[in-house]
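Visitor: Each chain, written out:
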Amino acid sequence: MTHHPKERPNSLSRRVFLQRGAGAAVALSAAGPLLAACGSTTSESTGSGGEGPGGLPLARPDKRVTLPRWEDPIESGLEPETGGTFTVFNYPAYFYRKLLNEFGDKYGVEVQVTPFDNINSGLQRLASGGVAPDVMEITPDTLDIGVAGELIKPLNLDYIPNLQKNIWPQLVDPFYDGESRYTVPYTCYATGVAWRTDKITEDIAGMDQPWDIFWESQAYEGKVGLLSENRETIGMALLRKGITDINTEDPELVNQAVSDLQELYDICNVKVDDLQYQTVPEGSSWLHQAWSGDMIAGYIYYLPKGTPASALGFWRAPHGKAPVQNDCFAVCSTTKKPVLSHLFLNYLLDNGVAYENFVDFNGYQPPLNEIDPGTLVQEGVVPEHLENSVLTNDDLGPDSLQYGTLTSQGQQLWQDGYSNFLAGGGS
Amino acid sequence: MYRRWLWPASALPGVLWLVLLFVVPFYAVLAVALGTVDPILFQPDPIWNPLEWNVGWLNEVLSRLAPGGIWFEVGVRTIVYVVIALALSLLIGYPVAYFTARHAGRWKGLILILIILPLWISYMMRMLAWVNLLQEDGWVNEFLMFTQVLSEPQDWLGGNHLTVILALVYGYIPFLILPLFAALDRIDRSHLEAARDLGASPWSAFRRVTLPLSKTGILGGAVLITLPMFGDYYTPNIVSGAPSTSMIGNQIDLYFHGGPQPTIGAALTIVLAAFLTILMLYYMRTIHRAQREAGTVGAL
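Just so you know, the protein sequences line up as chains A and B, in that order.
Read in order, the letters of the first sequence are residues 1 to 427 in the working numbering.
Read in order, the letters of the second sequence are residues 1001 to 1300 in the working numbering.
In short, the hints are calculated from the structure, not lab data.
It is possible that some hints are incorrect.
To be verified - Derived Cβ-Cβ restraints for the label pairs, each shown as a range: (1) A:Q218 x B:V1080: 19 to 27 Å; (2) B:A1129 x A:P115: 39 to 47 Å; (3) B:L1114 x A:K321: 57 to 65 Å; (4) B:L1117 x A:Q218: 39 to 47 Å.
Unchecked claim - Residues from chain B that keep clear of chain A, each with C-beta distances beyond 12 Å, as calculated: (5) N1049; (6) I1070; (7) E1073; (8) L1110; (9) V1140; (10) D1155; (11) L1192; (12) L1211; (13) P1243.
Predicted model, so just to flag it, every value in this text is computed and none were measured.
Note that beta-carbon positions come from the ideal geometry of N, C-alpha and C, so glycine has one too.
Hey, can you work out the whole structure from these sequences and the hints?
Guide: Shown next, in the form of C-alpha cells:
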C-alpha cells in the first residue's frame, strides 16, 4: 500500500509551509511575497511564466531563484555523528566505492549505497518512506520536488568550506539554488553526439547541423541510439530545428519534435538506452546521443585492447548552444546524521576526492577550479581529440542551455510525447 | 460440528494468501488508477472509496489504446508478439513434453531437471547471456555462418522483431512444458490402446485421444506463459532497445518510473488485467467443461 506523504508525521509543517509559500492555486506574481513570508527571497524574476511543484518559481540560467528554507539549517560547530551506517542514495556505480569506504573509515561509519533507477523515481521512493538515506543525488530540474516536498534539508555551508574554495563560481551560487541553500554540485556534462570514427564516414562536427546526422543515418541502421530520457530526446529534436527554448511547454513544438523523432524508426530503427559509454567504445553502437562524460569513461574503461582512442568521436554544440547540466548532492530529511551528511558533501568537493572519483572511476567531470581541459590532455587523462568533452565555468553561465523544472502540465506534455515516441509506431 | 469445519478451515491459509497478496494489492492498484496525484511529489493519491473513483485516467488509457490512439500500434504489436511466441512455444514444447511423458522412460527425471535447470539462473542473467551470444561476432552468428545458413553476420540485437519473439519463447517455455508434461503423463494409456484396437492410426489416435485429453495442459501452460509475456518489458529492452519492438509493458514501466502521471501506469495495468481476465475466464470455462466430461466418462 502506498504511504501517502500527507500521512507522514511532518505533514502539518509541510502543509503550513505550502499554505504560506506556495499553494498550487497561487498566481506566479504572488510567489515572491509568499516565498518572502517563508523567510526567503527570490533575487531575480520568478521563471518563465509558470510554477514548479509546490508553486515554487521556475529557475532558468538567466532567471535565478533562491529557494525558501522550510526549516532552519543545523547549527554550526557540532560534532559529527559516528557509528552505524551512512546511506548514499544515488545511481548505481556513480561514486567510487573506494572513496566511500575511506569516508566511512575516517568517521567510523559503514557507508552503503542504495541505488535508484532515476532521480524522479528515487524522490518518489523517498517520499513514500521506502528508503531513509542520509544524502542523495539530485538534479536542478528535480530540486523543486525535493524542497516543496521537504525531502531534502537546508544546508549550513559552514560545514562545507570546499564549496567556496574549490568549485567554479557559477556553481557556488547557482541559478537554480541561490546561496546553495540545499545543494552542492557533483558533476557536470554537456549533451552531444558520440560516434565510432572508424564506422561513421560523415564529418559530423563539420555538418551545418550536426544533430541531422541521426536523420541521415540510414547506412547505420540498428547501430544508432538516443538517450532514454524524455528531456534529452525531445530537446535534441527541438535544437535540430533551431528551437533553443528547451524548456518549452508549447504543445505544437513538443509534438512536432516527437513527430520528427518518429521518423527515425524508418531511417535507422533507432534504439533508446543509456549504455553509450559502453556500447560505443565496444562497437555495438556506432552513433549515439551522449553526455560528454561518456566518452571519457568509455576511453578509460571500455575501449577494447587494440582499438585506438581515435576511434571515439564526440561533438557538442558551441558554448550557449549545447545543453549542459550538473548533478548535485543534498542532505535528505530522513538523515539521522545531519552533521556527517554535511561533511560528506564537503568530502565530495575535496580536490583530491573529486579528481580521483572523476579520473579513476566515473569519467564525469567535477566542476573543480583546478581542472582545465588543457591540463587533462597534457596529463593524458583525456585524449586530445576529446578535449571538447571537458567543460569550463563559462559553459554554465547565464546564456547556457539547461533543462529546468517544468510546470506539472509541462511535465505531462513531455512525458506523453516521449511515450508516443517510445510506442514505436506501426512498424 | 468439529468435522464440519475442519476441511473448509484447511483452505484458510490459501484464502489468506490470496487476500493479502492478490486482492488487497489489486484493489490498491485500482485505487491508484482511479485516484489522483499529489501535485508536489507526483505520488499516487489513491481513492479507496469506490463511490469517489475518478475514471478520467482509465478513459485516457482506453482512448490511447483505441484505433488511432498513440498506443494502438504498440498494443497490436504486443498481441502479435505474444501469439507468435505462444505458437512457437507450443510447437517446441509439446513434442518435448510428449516425448518426456511417453518415451523418456528412466530418463524422464533427468529431462525434467534439464528443463527446469535454466530457471535456477535469474531471467535477467539468462537474457544478458543471450546478448553476448547474439552479438555480431557472437557464437550464434559464428555457428550459422559455419553451417552456411548465413553468408554474413546478422544484426540480431539491432531492433529485430524475431529476436524479441524468440527471447520471449526462450524465457517462458519451461513454464509451458511442465503443465503439458503433467497433463500428458496423466493420460491413461488404455485409452490409446482402445483407440488403436478400434483401428485408429497412430496419428488419428493422437489427434482424437491424446490431443483432446491434453487440452487442459495446453491451456494451463498457455495461460501461465501468456500472462507474464503480456506485461513483459525487460525482454525487449535487453535484446532490442528499439521503440519499434517495444511492448505495452514498456509504457507501464515508463509511467511508473517517475513523472507526474503514475495513475496512467496504474490505469494501463488495470486495462491489461481486464484483457487477461478474458483469457483466464476462457481457460476456467474449458477446465470446468473438461472436468464435467471426465466426470461423465467416469460415471459411465
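Visitor: All hints, please: hold or fail.
Guide: The hints, checked one at a time:
1. A:Q218 x B:V1080: 19 to 27 Å: Distance hint for Q218 of chain A, V1080 of chain B holds at roughly 26 Å.
2. B:A1129 x A:P115: 39 to 47 Å: violated (23 Å)
3. B:L1114 x A:K321: 57 to 65 Å: For L1114 of chain B and K321 of chain A the Cβ distance comes to about 59 Å; the hint holds.
4. B:L1117 x A:Q218: 39 to 47 Å: holds (43 Å)
5. N1049: Label holds. Min Cβ-Cβ 15 Å, cutoff 12 Å.
6. I1070: Non-interface label fails for I1070 of chain B: nearest chain A Cβ at 5 Å, not farther than 12 Å.
7. E1073: Given a closest Cβ separation of 4 Å, the condition is violated.
8. L1110: Since the minimum Cβ distance to chain A is about 37 Å, L1110 of chain B lies beyond 12 Å and the statement holds.
9. V1140: Given that every Cβ of chain A is farther than 12 Å from that of V1140 of chain B, nearest at about 14 Å, it holds.
10. D1155: Not fine: 5 Å to the nearest Cβ puts D1155 of chain B too close to chain A.
11. L1192: holds (47 Å)
12. L1211: holds (36 Å)
13. P1243: violated (4 Å)
In summary, the structure is inconsistent with hints 2, 6, 7, 10, 13 from the numbered list given earlier, while agreeing with the others.
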